[in-house]
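Student: Please build the complex by placing chain B on the supplied structure of chain A, with the hints as guidance.
2 protein chains.
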Amino acid sequence: VNAPPVIVLVRPQLGENIGKAARAMLNFGLVEMRLVAPRDGWPNPSAGPAAAGADIVLADAQVFETVAEATADCAHVYATTVRKRGVMKPVFAPEAAVAAIREAQGRSAILFGPERAGLETDDVALARAIITVPINPAFGSLNLAQAVILLAYEWSKGEALASPPLTTLEPPAAQDELEGLIVQLETQLEEAHYFWPPDRTQVTKRMIRGLLTKPGWNAGEVRTMRGVLRAISPDNPHAKRD
Amino acid sequence: VNAPPVIVLVRPQLGENIGKAARAMLNFGLVEMRLVAPRDGWPNPSAGPAAAGADIVLADAQVFETVAEATADCAHVYATTVRKRGVMKPVFAPEAAVAAIREAQGRSAILFGPERAGLETDDVALARAIITVPINPAFGSLNLAQAVILLAYEWSKGEALASPPLTTLEPPAAQDELEGLIVQLETQLEEAHYFWPPDRTQVTKRMIRGLLTKPGWNAGEVRTMRGVLRAISPDNPHAKRD
Chain A
-5 VNAPPVIVLV
5 RPQLGENIGK
15 AARAMLNFGL
25 VEMRLVAPRD
35 GWPNPSAGPA
45 AAGADIVLAD
55 AQVFETVAEA
65 TADCAHVYAT
75 TVRKRGVMKP
85 VFAPEAAVAA
95 IREAQGRSAI
105 LFGPERAGLE
115 TDDVALARAI
125 ITVPINPAFG
135 SLNLAQAVIL
145 LAYEWSKGEA
155 LASPPLTTLE
165 PPAAQDELEG
175 LIVQLETQLE
185 EAHYFWPPDR
195 TQVTKRMIRG
205 LLTKPGWNAG
215 EVRTMRGVLR
225 AISPDNPHAK
235 RD
Chain B
-5 VNAPPVIVLV
5 RPQLGENIGK
15 AARAMLNFGL
25 VEMRLVAPRD
35 GWPNPSAGPA
45 AAGADIVLAD
55 AQVFETVAEA
65 TADCAHVYAT
75 TVRKRGVMKP
85 VFAPEAAVAA
95 IREAQGRSAI
105 LFGPERAGLE
115 TDDVALARAI
125 ITVPINPAFG
135 SLNLAQAVIL
145 LAYEWSKGEA
155 LASPPLTTLE
165 PPAAQDELEG
175 LIVQLETQLE
185 EAHYFWPPDR
195 TQVTKRMIRG
205 LLTKPGWNAG
215 EVRTMRGVLR
225 AISPDNPHAK
235 RD
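Chains as they are written, first to last, in my numbering: chain A, -5 to 236; chain B, -5 to 236.
The following block holds chain A by itself, in its conformation from the complex:
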């Protein structure tokens, strides 16, 4: 497994957006941020509040003068763009890009351009490949932190540690327990003269069996359901009588 990519913000304008990018990164386990010539210098007092607790990313952020310096130790540089450029380079969607990063030998960096204009042609020229998020052709309006979070999210999907705490759903009840429920309901329905006419009984019973089989209720749920059906029956001494 390769090292996570370095996130390089190229000439970011607002400290707030640097903070938001840090927050987006840390949500998905990315911690290495590099800043190229941030417009308002560094550190920036607006970054911290926007990071919403991701201060470690900001504290460790390194600042460089140029993209070349910021990516000097990286074997693979990817440039994110939304618009099509006149540059002839491979274009990856985020999913394919993170797969390539994971497979690659050596560190990878992903460049994100300034808020207003995006990366310039000279920045893109440094990159080996382009990452483009496929977006609504009629409305492309991804901001910096959103672009970062989509890449970070894709990266995290391949990381084992990020797997969700899957709930251990109870397996469906054993067949005999389910059968107990079905027989009970059939009995209650017979007492209520539900099955009529007689020649339809078989079909109706089959349908009710289907209804109760479909849920895949677990043993506890089957017991609860039996209690519920008993409760609402006329045999329940507490039931309403009127």
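Hints are computed from structural coordinates only; laboratory data are not their basis.
You may find that some hints are simply not true.
One copy or any two copies: either way a pair holds, since identical chains are not told apart in the list.
To be verified - Taking lysine-lysine pairs in the DSSO-like style, the calculated list, with each CA pair at most 30 Å apart, reads: (1) 208 / 83; (2) 151 / 199; (3) 199 / 83; (4) 151 / 83; (5) 208 / 151.
Note that the coordinates shown come from a computational prediction; the quantities given were computed from them, not determined experimentally.
Tutor: Showing chain B alone in chain A's frame:
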């Protein structure tokens, strides 16, 4: 190919975040937003500027009093949560959830909770399944628009290659039909004095809601189940009296 999911913002607090969510949606081709009891009313003057041009989503947004009303026409309701809940429902990562939505018969809705606290247990109880974004266990800090954009992004990825659903099973009943069944059973159980002690009533009702939500019964099955429950009740004049 199934319809895109409806994005339901439950009790959103800030107009700005509603706007950002609209922007996130439209970037990936989602246009149907529903608002449940937005804190500051609707329309909200802060939403437009934050939408950054996604005004069409805001203009078409519908407002509802309750989650049940907002999802009345939806066969599949998903609740997004970050924290683990005591609710036993299937848990999907975004990728698996959009795959399920795409395969499903009938419309799907995805619920997003208020900024500060997320969805309440009663909101989650209405849902058939839970969507959890796998996140850094040491730093989970996704905001509303970020959660929306990740789901919208995942949805958009499958749009080009979406295949028609394999099975032609009847879709689950719409939420309001299911609600009718749940209310009927609750009423019957109340008449049977099933809910006791009073301080357990809420938990028990939630459990029964879970039982009836799990099957994904279609409209006909829900009607049959209502008939079955009516038949075995003491109110049925044909029922056994002894």
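Student: Does each hint fit the structure? Answer for all of them.
Tutor: We went through each hint and held it up to the structure:
no.: 1; hint: 208 / 83; verdict: both (8 Å within a copy, 16 Å between copies)
no.: 2; hint: 151 / 199; verdict: neither (38 Å within a copy, 37 Å between copies)
no.: 3; hint: 199 / 83; verdict: both (16 Å within a copy, 29 Å between copies)
no.: 4; hint: 151 / 83; verdict: both (26 Å within a copy, 22 Å between copies)
no.: 5; hint: 208 / 151; verdict: both (28 Å within a copy, 28 Å between copies)
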